[in-house]
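K.L.:
Protein sequence lines, in the order shown, are assigned to chains A and B.
When the letters of the first sequence are read in order and numbered with the numbering used here, they come out as residues 1 to 251.
When the letters of the second sequence are read in order and numbered with the numbering used here, they come out as residues 1001 to 1198.
Everything labelled a hint here was simulated from the structure, so no lab data went into it.
There's no promise every hint is true.
Here are the simulated distance ranges between beta carbons [claimed, not checked]:
id : chain 1 : residue 1 : chain 2 : residue 2 : range
1  : A       : A197      : B       : T1086     : 28 to 36 Å
2  : A       : A71       : B       : P1006     : 23 to 31 Å
3  : A       : D33       : B       : D1070     : 52 to 60 Å
4  : A       : K201      : B       : T1086     : 54 to 62 Å
If you want a taste of the chain A side facing chain B, the calculated C-beta under 8 Å gives, among others [unchecked claim]:
id : residue
5  : S59
6  : G72
7  : G107
8  : L165
9  : G245
Covered stretches of chain B, going by a simulated chain A footprint (3 or more residues, C-beta under 8 Å) [as the list claims (entries may be wrong)]:
id : segment
10 : 1018-1031
11 : 1035-1046
12 : 1118-1125
13 : 1187-1197
We put the CB at the ideal spot given by N, CA and C, even for glycine.
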Amino acid sequence: MERTAIRRRLTWQTGTVTEVREETSTARTIALDVPDWPGHLAGQHLDVRLTAPDGYRASRSYSIASAWTGAGIELTVEQVPDGEVSPYLVDVLKVGDPLEIRGPVGGWFVWKPEQPGPVQLIGGGSGVVPLMAMLRAHSAAASTAPARLLYSVRRPASVIYVSDLKDVAMSEEVAITFAYTREAPPGESREPKRIDAELLKSVAFQPGDEPTTYVCGPTPFVETVADLLVAAGHDPARVRTERFGPTGGPR
Amino acid sequence: MGSVSPGFTGRRRGGKDLPPGQYLTHDFPVLSAGPTPHILPEHWEFTVTTETGGVSRWDWAAFMALPSEDITKDLHCVTRWSKLGTDWRGVSLDTLLADVETGADYAMAHSYGGYTTNLPLEDLVDGQAWVAYEYDGEPLHPEHGGPARLLVPHLYLWKSAKWVRGLVLSDTEDLGFWETAGYHEYGDPWKEQRYAGD
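One chain only, chain B, in its complex shape:
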């Protein structure tokens, strides 16, 4: 299906590194549904709440005392820009979940400011996800989710919740903020899962 657009030739023709429908940018655009929360590290905490109500908690000092790692990943935003080879520093979710007793299949990420996004728990482990606090060697700017954001680069960037404050684990799949507003529940850029039903 689909008709040719009269007079359109196209010129970007993104490379093989890009998922379908994406274009390359060297800038770092921002998408947020509300004002940028300004959270001081001393007021920040991160919690993991299990399906049985158990809570693990880290304040900024405890979080910074965890082993961290350098991460270089490509980012793909559902609004169609992709940015390749971005450099981050953060704590692996494997580290944060190491002592958490859970049999849950799903997680809801919660952010300062009220944002939520849902992910399968299996997408947050095995070296696929981090809580990142540095970008390009600098403390993460509030516009980009600082002091700390989730980083799940194999999914569209809305899954990498900015200003993250915790995960709530669950046996059932609930939908987060954009997922409720018509976006895909999983969001694999390589399958172009932008909107519900894609």
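Looking at chain A on its own, in the form it has when it is part of the complex:
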């Protein structure tokens, strides 16, 4: 296993919001200027800390959406129903506001341009965020590694990064497939349904291609996709996962 050892102390820093972009009705991208950001790997996350006037604080972790190119970072935040931090980030935070962050964190769910072999990205909903960072890093490095994104999304209006995905798909090395689960756009041949073994067989890299596969999304989505990949013969050690949210049922 390739590992990244990062054993330095992470301190809180104050960034400044330089831009906000609506991605969908419930998600937005926040661009930050962070003077002392040490850089990050595609796929890493950071912690955001909010402070109320009485000193009360709340923190959460968010995937970094941008590749590090030496200036600024971007987060994409999906509003969690009944959340405490995400509604502030999506609805309240505005350009010019300060935002406390610390990071980057995580040395496993990362893609590095020097990594050998094809890269398969499989995202569900806002699980596409760290995968977008990987596609951006792939583009910034002009990587020749074949990369495929399989993006499971409820309906066309739920797609985050519509125009950015069109841009990265211009590369000959990058292929993007959408799997619509509730409502497909006109002209889509596959009926709306979840990712299944047949779709993985037709659009994803096969075990013989020896890809590194990154799966990110809600827990039931990741469980299903990772199980399908292992059942199809993929080496579990080459399947990296990041899960979020509830388990989706009593366990």
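Fit chain B to the supplied structure of chain A, relying on the hints for placement.
P.N.:
This is chain B only, laid out in the frame that chain A set:
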């Protein structure tokens, strides 16, 4: 240090039972670095390897024949959720280590699927740690580490290795999977030891 976040008032304000920076959940979220291993009990075994190479081994039947106990504990995940009063059944590490001859100070827990996490041995004894195989009266689901997982509830939950297959005891402190990836080597939630250097 720290600036007020314009327009943020906060509303959860977790109770006194919660370590700093945690929020209460009634769900049971899952965090794993890879696919969930599906290990049948008949293929499961648990080993303790000492610093001199001595190995103690239990298959599922031998493990189930050990005295077990009901455990009710609060869980604290480094991703900030806490779940209070969870019910488990498992075998105390005191029982599993009772006949193990060791002077080691550290343990590395190893799991099916390749996961590792490091702990001081003193945190695994004296009624602080178990190998748990039931959750809420049911066999432990694979997503949550079944057939059996380590349960060390006084540390962040990543120390409670899912799909545990053994402990390797050592005189030296090595770092496990998340500890190598930037997380704290000890992970006390009450001291908010999330990341290296906290």
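K.L.:
None of the hints should be skipped; say for each whether it holds.
P.N.:
Against the structure, the hints:
1. A/A197 x B/T1086: 28 to 36 Å: holds (35 Å)
2. A/A71 x B/P1006: 23 to 31 Å: holds (24 Å)
3. A/D33 x B/D1070: 52 to 60 Å: holds (53 Å)
4. A/K201 x B/T1086: 54 to 62 Å: violated (40 Å)
5. S59: Holds, about 6 Å.
6. G72: Status violated, d = 19 Å.
7. G107: holds (4 Å)
8. L165: Violated, about 26 Å.
9. G245: holds (7 Å)
10. 1018-1031: holds (count 7)
11. 1035-1046: holds (count 3)
12. 1118-1125: The restraint on the segment 1118-1125 of chain B is violated, since only 0 of its residues have a Cβ under 8 Å from chain A and three are required.
13. 1187-1197: Result for this restraint: holds, n = 3.
Violated hints for the displayed structure, listed by number in ascending order: 4, 6, 8, 12.
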